[in-house]
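Chemist: Respectively, the protein sequence lines represent chains D and X.
Just so you know, the first sequence maps onto residues 1 to 538 in UniProt numbering.
Just so you know, the second sequence maps onto residues 1 to 538 in UniProt numbering.
Any given hint might turn out to be false.
The list treats identical chains as interchangeable, and a pair is accepted whether it falls inside one copy or across any two copies.
The list that follows gives simulated cross-link-like pairs (lysine to aspartate or glutamate, EDC-like), each with its CA atoms no further than 16 Å apart [as the list claims (entries may be wrong)]: (1) K195 - D240; (2) K41 - D14; (3) K195 - D315; (4) K522 - D283; (5) K522 - E185; (6) K195 - D461; (7) K257 - D528; (8) K522 - E124; (9) K269 - E256; (10) K41 - D246; (11) K108 - E87; (12) K269 - E403; (13) K314 - E504; (14) K91 - E124.
It is worth saying that the hints were derived from the structure and are not from the lab.
Predicted model, so just to flag it, every value in this text is computed and none were measured.
There are 2 protein chains.
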Amino acid sequence: MNVLWIMVDQLRWDYLSCYGADHIKTPNIDWLAEQGVRFNKAYVQSPICGPSRMSYYTGRYVRSHGSTMNSAPLRVGEPTLGEHLREAGVKYSLVGKSHMTADIAGMKRLGIDPDGEIGRLIRECGFEVVLRDDGENPTAHPGRRGEDYEAYLRSHGMTGDNLWEEWANTGVTPSGELVSGWMLENARYPARVPKEHSETAWLTTRGIEYIEAQGDQPWLCHLSYIKPHWPYLAPSPYNDMYGPEDLPPVNRSPVEKVADHPLLQEWLKMRVCQNFSRDDIRDTVGPTYMGLIKELDDQLGRLFSFLQESGRMKDTMIVFCSDHGDNVGDHWMGEKDLFYDCSARVPLLIYDPRPSADPTRGSASDALVEAIDLAPTFLEVFGAAPRPHILEGRSLGPILRGEVPEWREFCVSEYDYAARAPRRENHIDQVDARLVMIFDGRWKYVHVEQMRPLLYDLQADPNELNELGGDPAFAGQIARMQAMHFEWCRRHHNRLTRDAATVEAATDRGAPPGVLIGYANKEEVDRDGRIFPVHVTR
Amino acid sequence: MNVLWIMVDQLRWDYLSCYGADHIKTPNIDWLAEQGVRFNKAYVQSPICGPSRMSYYTGRYVRSHGSTMNSAPLRVGEPTLGEHLREAGVKYSLVGKSHMTADIAGMKRLGIDPDGEIGRLIRECGFEVVLRDDGENPTAHPGRRGEDYEAYLRSHGMTGDNLWEEWANTGVTPSGELVSGWMLENARYPARVPKEHSETAWLTTRGIEYIEAQGDQPWLCHLSYIKPHWPYLAPSPYNDMYGPEDLPPVNRSPVEKVADHPLLQEWLKMRVCQNFSRDDIRDTVGPTYMGLIKELDDQLGRLFSFLQESGRMKDTMIVFCSDHGDNVGDHWMGEKDLFYDCSARVPLLIYDPRPSADPTRGSASDALVEAIDLAPTFLEVFGAAPRPHILEGRSLGPILRGEVPEWREFCVSEYDYAARAPRRENHIDQVDARLVMIFDGRWKYVHVEQMRPLLYDLQADPNELNELGGDPAFAGQIARMQAMHFEWCRRHHNRLTRDAATVEAATDRGAPPGVLIGYANKEEVDRDGRIFPVHVTR
């Protein structure tokens, strides 16, 4: 068995037709959904790239791995899925984006050479890097690479000083003017790069090449796409495949705009929210966001055809997910951030080729799933030890087999907004800029340190337009959700060095050999079957 | 400035005359108290050796460093005081016990040679080991050494296969019979080792030799005594310096014996508690416990004389503390465990030679102090960066200078009893065997996962004989303490890789250079003073 783990960046679940979208058709992704299980309530551990991915890649909550913000290095020594899988003999490879920031200072502290064999793996979050590209200006983020794509574009005749910026992130107006993809108002112009050389097409090809090159060793390939993450620029014809009339109605209410909560008030003041609240901006960016998704779906069609033709569908589990969504103007917001379903809830499809998964093909699961559930799922696929003392999620294996396992009652997502303007505007201390979402399948509660919580009832209000946290009528619900939050907070999450079997053996044994605690006399020692460390009469 | 950090193992605060004991005189320790500040409310982070010490040595709560049980390795990469001090040019040395268990598996995972220069430091919790001896049978704990003491005893003419067991831990009856120090009923016999070669005398000499050998480099010497920790065996004359009539009255009540709380019920069933509930056992062990303290005080007198005569009192801060107490039959218990003041509260004396500390000499502080406060205190002494994103305690410097800093409202201590019999007897899952003490200076609250909490009012009941957690009249207090516990649980404690300045700079900067998020057009970019990554017109 192998695993092809496809991740897409900033993709909303409700912009896929298999999740009920009727404004866009994604037949290839839908096809995958039909081969396996569609998870309807999958949440990421943080609605922002870095922390979300570090949770995917470690199988641990954000509070546990500690990389709470983009660019906060993942502490050296934090165990990664790569380490667990490598111990089980699995090749764990990256093709695309990871958003990993290495803890170089920590590596230095421990005497680990970042360029050594193990150092390279630690630096890359446990991945054997086939290709690393985080989809941003490589000159801005030298650690995140981009040189491969530069070289690729150059080999196809494109020229310039900074090829990603000048081709992938540059649009062309009808008059031939070159404009920046960073500007939202340019989103409808076609990218200068042709579609056959876009990041999405290129990564698809590289993923296929990776799979073609594999031999007998089991592998997990993390094919990690960059799009539809901003900059919002799509190659022709995807740039004008959709228009404003194709967008779903914007999901926002006037009440939200004048929120009585200081966090929301400050959040909506941010430029990205101000701009995405403008109809003209949403009408410009939204269709391109859809075009990028359509392009992705087309490329996945190419990938899935390859898998079918090469026979790989028989021995490859395929997982499709996103690291978070995109607000696209909903709730008067741009970007991701906060925990609305358009942001914290993600698509998750799993195709398991084994006959044991036949009963669930084409079905959907409403189980509350967390991103950290993938790591234990993969360990189970490869027959590796489960390590529940390290991994905080649970294997989705039983659900894929149609079993009805005992399951969690709530899922959790976190957000550290210490480096965001609303923290400063509200005079919140850096260490108190903590948000925690608790969602039990109906009630979505957001703990806001130093402020009152937010609350939504997704049964009565699936669009999350009525925020109830300030209404005394819901004090009981809030107390119930707080108790869940507290229960989650209290759990062990750093006790990584002792597994359950070791603890059980220590319980049996009492004190270590040679140590006799609390015995009054020799009779008690004899009765217990313990022995004296040296020969004495009593 | 240098620091001599004296730690004693299993020493109760109320068995020292400077803390008001009138059943024993400890004039040398009292003398130190008069030179500096006596802390009246100092609590350890866990009332058991390993976790308590890992908190002392990392400056972090047990839930944070993760070594929650004795013998649970401290995870590789967990930052230690030694690393912080070494960066500040300080020599950080161990003479005696540390109870460190190295994460050899983790080191292997990261490719760190445990015998390399850095590997040795990691393995030893950041200490440069002058001498490591955890005071137990070296054949039982090869990692914890003991060979030095073996060699020392041998060099003084003692012979045998296992010298610690056969001399330090063997008593001699009046008829010359050799008996084991592991048996409580043997506690009154003199140890076979003469007092001038006991562990306490030997470590004192080694500490003096260390200080004598130091040159210009600032140093912190952790002189870490093994006694009065069990086995309870004292060399002559300390073995019969006290009798049962010298013991303070036992602190226990009949109500405690029939506790209505399942945790306490099972705890009291353990052999060590059953035996320490017997008057004959307490009367046998207690006087020897006192004798070991008296021996320690005598040896500290020798050490303090050396410091005075060598002029080292002028440039050396002296810290005296314990890693936890000993119940000695109080509350029907032996050993440490749980959070009674005889166990979780410890003596803490700090002598600061600098004139800035003159105003507080001979005074006492009632501030709620935690063991983790020492690490930041030491960083301040040596002028090192404070690192509040890693260290969870606060420097005691202001208190030593007589300032009145804003201070914490409660202190915390933790206990993971997963490997203890009461966990199994109560059918508690391993991961739920969590106890957390919250003490606000008056109310002591103990969270017991899966059971009702414990509560004591130390103002009305300083002896902690009336457990109030089941009394509905105290529901309000319990709710108040729970809120403190929850607040503590929520705090960041793994966000180690980003300091406050870096977060502040990221807040200023918004997105990284070369990344422009949410700008509608060029005018907005210009207004913000941002620049396009490449030359485009708009």
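Chemist: Hints broken by the structure, by number, lowest first?
Modeler: Numbers 3, 4, 6, 7, 8, 10, 12, 13, in rising order.
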